[in-house]
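Since the structure of chain A is provided, determine the placement of chain B on it from the hints.
For the record, the sequence lines run as chains A and B.
Numbering that gives the first Met the number 0 puts the first residue of the first sequence at 0, with every later residue one more than the last.
Numbering that gives the first Met the number 0 puts the first residue of the second sequence at 0, with every later residue one more than the last.
What the hints contain is simulated information worked out from the structure, not anything from laboratory work.
From a predicted model like this one, the values you see are computed outputs, not experimental measurements.
It is possible that some hints are incorrect.
Taking lysine-lysine and the DSS-like style, the derived pairs with C-alpha atoms no more than 30 angstroms apart in a straight line are [what the hints assert, rightly or not]:
id	chain 1	residue 1	chain 2	residue 2
1	A	532	B	185
2	A	264	A	242
3	A	242	B	9
4	A	242	B	31
5	B	67	B	39
6	A	568	A	763
7	B	23	A	823
8	B	61	B	185
9	A	498	A	532
10	B	9	A	243
11	B	161	A	212
12	A	232	A	191
13	B	104	A	200
14	B	61	A	266
15	A	192	A	264
16	A	191	A	264
17	A	823	B	79
18	A	243	A	264
19	A	266	B	31
20	A	212	B	79
21	A	264	B	61
22	A	212	B	23
23	A	192	A	220
24	A	205	A	232
25	B	127	A	255
26	A	200	B	61
27	A	200	B	127
28	A	237	B	9
29	A	200	B	39
30	A	822	B	104
31	B	9	A	191
32	A	248	B	185
33	B	104	A	255
34	B	161	A	200
35	B	31	A	212
36	A	264	A	480
37	B	185	A	205
38	B	23	A	266
39	B	61	B	104
40	B	42	B	79
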Amino acid sequence: MPPKRKNNISINIEDVGMDVDASDSGSEVEARRRAKNRRAKPQRKAKRVSDNDDEDEEEEDEDESPRKRGRKKKAKPRDSEDDEEEDNRNVKRKSSKASRKKAKDESDEESEDEGEKKKKGASKKEKEENKEKGKGKGKGKQGKDAGAEKDKKKKNRKLSSSIEEEEEEKSEGESLSEGEMAALKEEVEEKKKLIATLRNKPWRMKRRLTLLKEAQDFVEKFEGALGKGKGRKLFAFKVMMAKKLIKLKRDFENFKTACIPWEGKIKDVESHFGSSVASYFIFLRWMYGLNMVLLGLMFGLVVVPEVLMGLPYGSIPRKTVPREEQATAMDYSTLTDFEGYFKYSILFYGYYNNERQIGLLKFRLPLSYLLVGVGIFGYSLMVVIRTMARNANEGGDGGDEGDFTFSWKMFTSWDYLIGNPETADNKYASITTSFKESIVDEQMNQKDENIHLRRFLRVLANVLILCSLGGSGYLIYYVVKRSQVFANMNKDDLTWMEKNEVEFVMSLLGLVCPPLFEAIAELEDYHPRIALKWQLGRIFALFLGNLYTFLFALFDEVNAKLESEKDIKNATILALNEYAANYSSYYNTTNVPPQNVHPADVIRGPCWETAVGKEFVKLTVSDIQVTYLTILVGDFLRAVIVRFLNYCWCWDLEAGFPSYGEFDISGNVLGLIFNQGMIWMGAFYAPGLVGLNILRLLSSMYYQTWAVMCTNVPHERVFKASGSNNFYMGLLLLVLFLSLLPVVYTIMTLSPSFDCGPFSGQEKMYDVVMETIDQDLPAFIGNIFVYATNPGLIMPAVLLMVLALYYLNAVSKGYQQANIDLKKKMQMAREEEKNRRNNKDSTNQVMKDLEDLLPNKSLIPPPAEEEPPPPDVVVDKGSRSPKVKPGAAGKGVHLQRDVSLAAPNPRDPVTRDPGPRRGPPENARGPQPGPGRGRGGGRGGGRGRGGPPRQYEY
Amino acid sequence: MGTTASQLGKDLLSEYQELTFLTKQEILLAHKRFTELLTKDEKDLPNTRVPAERILTLPELKSNPFRKRICHVFSTSEQKDGSLTFEDFLDLLSAFSDSATLEIKSHYAFRIFDFDDDGTLDCGDLEKLVNCLTGETDETRLTTEEMRQLINNILEESDIDKDGTVNLSEFQHVISRSPDFVSSFKIVL
Chain A
0 MPPKRKNNIS INIEDVGMDV DASDSGSEVE ARRRAKNRRA KPQRKAKRVS
50 DNDDEDEEEE DEDESPRKRG RKKKAKPRDS EDDEEEDNRN VKRKSSKASR
100 KKAKDESDEE SEDEGEKKKK GASKKEKEEN KEKGKGKGKG KQGKDAGAEK
150 DKKKKNRKLS SSIEEEEEEK SEGESLSEGE MAALKEEVEE KKKLIATLRN
200 KPWRMKRRLT LLKEAQDFVE KFEGALGKGK GRKLFAFKVM MAKKLIKLKR
250 DFENFKTACI PWEGKIKDVE SHFGSSVASY FIFLRWMYGL NMVLLGLMFG
300 LVVVPEVLMG LPYGSIPRKT VPREEQATAM DYSTLTDFEG YFKYSILFYG
350 YYNNERQIGL LKFRLPLSYL LVGVGIFGYS LMVVIRTMAR NANEGGDGGD
400 EGDFTFSWKM FTSWDYLIGN PETADNKYAS ITTSFKESIV DEQMNQKDEN
450 IHLRRFLRVL ANVLILCSLG GSGYLIYYVV KRSQVFANMN KDDLTWMEKN
500 EVEFVMSLLG LVCPPLFEAI AELEDYHPRI ALKWQLGRIF ALFLGNLYTF
550 LFALFDEVNA KLESEKDIKN ATILALNEYA ANYSSYYNTT NVPPQNVHPA
600 DVIRGPCWET AVGKEFVKLT VSDIQVTYLT ILVGDFLRAV IVRFLNYCWC
650 WDLEAGFPSY GEFDISGNVL GLIFNQGMIW MGAFYAPGLV GLNILRLLSS
700 MYYQTWAVMC TNVPHERVFK ASGSNNFYMG LLLLVLFLSL LPVVYTIMTL
750 SPSFDCGPFS GQEKMYDVVM ETIDQDLPAF IGNIFVYATN PGLIMPAVLL
800 MVLALYYLNA VSKGYQQANI DLKKKMQMAR EEEKNRRNNK DSTNQVMKDL
850 EDLLPNKSLI PPPAEEEPPP PDVVVDKGSR SPKVKPGAAG KGVHLQRDVS
900 LAAPNPRDPV TRDPGPRRGP PENARGPQPG PGRGRGGGRG GGRGRGGPPR
950 QYEY
Chain B
0 MGTTASQLGK DLLSEYQELT FLTKQEILLA HKRFTELLTK DEKDLPNTRV
50 PAERILTLPE LKSNPFRKRI CHVFSTSEQK DGSLTFEDFL DLLSAFSDSA
100 TLEIKSHYAF RIFDFDDDGT LDCGDLEKLV NCLTGETDET RLTTEEMRQL
150 INNILEESDI DKDGTVNLSE FQHVISRSPD FVSSFKIVL
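The shape of chain A in the complex, shown without the other chains (with noise of 0.2 angstroms):
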């Protein structure tokens, strides 16, 4: 390609030579922009095939603005614009007509618009063309340049519309034809879209701005001439709405930009830490973002409405502490336990009432309810799927990771935000290490000098892990067992320990475990970049085993307390009975009024879901103070014993073994998503939960920020967020995942407790949705919801989407396929080219291989022995491949060695197979092909037909 390109630009170059020599060329503006253009020449010079098209727009761009200049110019006074619009004329037809001589395709189509000009404004232009006659050349200085510019026009497109234009500007006055109208329409949604799309272009501000300056002109200006008659003032109207429109977009999305919070804080991480480090704050706060509108859909639509409309606290059972704990209901001992008054508080489920409406409103507070712990998934899952597709486009497929390793450590690997001196050294030591190591790699392809005593590491390694994930699953198994025995005990009777049991080793794992992980990993002796990912897996893992752990023993206890409900129901019924009996037979009536018991005297059932619900409260908060703590002394006092004792030690503690901490991107990283892990599968069971996770996201952001700046270092490898970004990403649609299945179990399998909740008196808790459909909706949305759940349908949709699944990844890898066809394809013509170019053989084996097969390549001679030709040889001279030009032929010597060095092995093959297809020349060229063959045959001996050419070739 690049040869031809070549070609194209000198062609060009003529072009505007010409030109400019055509037109006056003593204006100063026209050298300047030659210049310019030559300037730039070497540069396009490199874009090749993709770019032509590029190239192409940024010529005409540029060929664009100085008519535009031009036409600006007109515009002003009404009389001085026909001179310079008919000298325009003039130049551009003098110069089309040029131009025509060089372009001998374009001239074609040209002339066809000449005709067509000459057809539509014959009277017009004849008048013109008196008028021209008399001005003469003596111009104005613009007109010409705009003429001269309009020359290096070469599409012949651009041409017929730009004349199209002018024709358009001429007549303007008078009515404007369909084809005219639709030309001049077409013109200004260019020029919009020119507008819209400016930016994108990497151009000097100046040009953009004279550029954008004029397009917004001619928009303004010729936009009003579109519409005409009645339509006119609409039009206009739309044309003033949708100027207005944009504006406000504008201050909508500066105003979105001012809402983002931490900026500056970030930004500050980020100079100091590089982007790795900032990721997580990035994270955390779009984990903000999350939560802020999770928090508005449950406090919006339950929290707030139960509290404005609901019974006040008091006032039924559910929403009172019953007598025996009410002595203690205050205690600080018993509100950090989230028992007392907490627990009979908004924050929980068993708080909310089943009453169907409530308030003026009517609102339906129970479906309500349901329809956000839902909902809440729903938006979730939406918000987390669509960040990955975005992240997966922005960020490239990241499918040929293995085919640009050095490149992107070259192109890529600096961090511009870095803008702190000792995070940049850390930086250029890091690159210069991955550098070596990288060529380390490739220079020896892993030496596994004693492999057997690795693997045996890594085994162990691995077994080692899986015994204390193991284990650690069966610690938390056995003290939430054991938590379960002491809840039946007396409360007074337990130690903080006994009571605090579970959370305390759940955060102590998750304290433990990583850097026991680390530890092990170090048997495994991977490359850093692989035991990162093993280690965040293996971390994951533990994380998640905890948590399921801590599930499946919270199930276990549920099932005991719906055991007990039950009797305590059955209690409640009999007592409510025996009340009734007693009542009857006391006062002897059948009409029993309501017992008058108070509210806090009730029997009450243990309410299942307020214990999860309390449970992952405790955890959360359990969660927030071991972070909190860690922060606080494994970075803080750290920092400080090495700052200050520094002065008084034996060895440098700075440089040495304690040093500052750094931060640890991963941990946190996995910590916030099971954090919201947790919150996700609480939501439902503690509505506070939300509210109390906003509280600990910004608390964790200023706190965080501050830890991060005042006692950690950069990293010694300063690493990337490198598409990180989504793997974080999957990892939490994993947990969401992990998390919607325990709540939707509940939601679909579970009986609600009796006595407290939203869903109480029902039997399952998705009963307040059918019950609505029945109740409150037309009857033939109820019958649609049924077909709609018929298996019958239910079938053939999951089937319909497992068709389409199959379908997508079809086509992926079909476009996978072309992907490297047309890559291949690229190289293959790139080389065609070269070969072409340097009369030398093809560098590509495969196209070796394949020369040697045509005929006689292989008959050319070394000089030595050319001197006694013998026959055939001087006829194999003559019909050499038409590829080899004459002038390749004192290199003789280079071809031969060339062919012989390149096919060794496929000699054989070569030497048997073209015999037929040799036959035909053969037979053509000469008198003797007889005895050529024959000798072959007589001196090859097993060898066959290929004989002769390979007596040459030794």
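This is chain B only, laid out in the frame that chain A set:
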């Protein structure tokens, strides 16, 4: 802020917004930072150029190994001294902003890496690039052997048409696959 806004002019501001990937606040901030770089008497003149040395005192650029190249690429100065006008400065920030497209980022990255301004990345450019990335000190420098190996590997990977240099389209091809180019090719004031 009120003063800067009035200095910049409403029309110009909206045009700048149209032409760059920056928001209003960012442009105003850029203007503020830019005027801080000007000396007293320069402030009154329109379209003043700030010499490269003063631009490079910005903390955002100070520790960047490509700072000189960046100034050079974005400068419209005739003398090629890397001095920037405010519009050049906005160009710079726009290309390095968060919302700039991959296309434009890779274009400018290519020009920054193209040390001899000849439109392709040849061995000399790549060598300079490696030296920039590995820092000034001798201990982090690569040996000539390593350098040769590295450059060969890079050309092998990204030089699709095998002409011994990396051109813009090849460069963009490589860059567009990279997961973290867009996120790291960023400078925020």
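Point to revise | Which numbered hints fail | key: As far as the earlier hints go, 2, 7, 9, 11, 15, 16, 17, 18, 24, 25, 29, 36 are violated by this structure, in ascending order.
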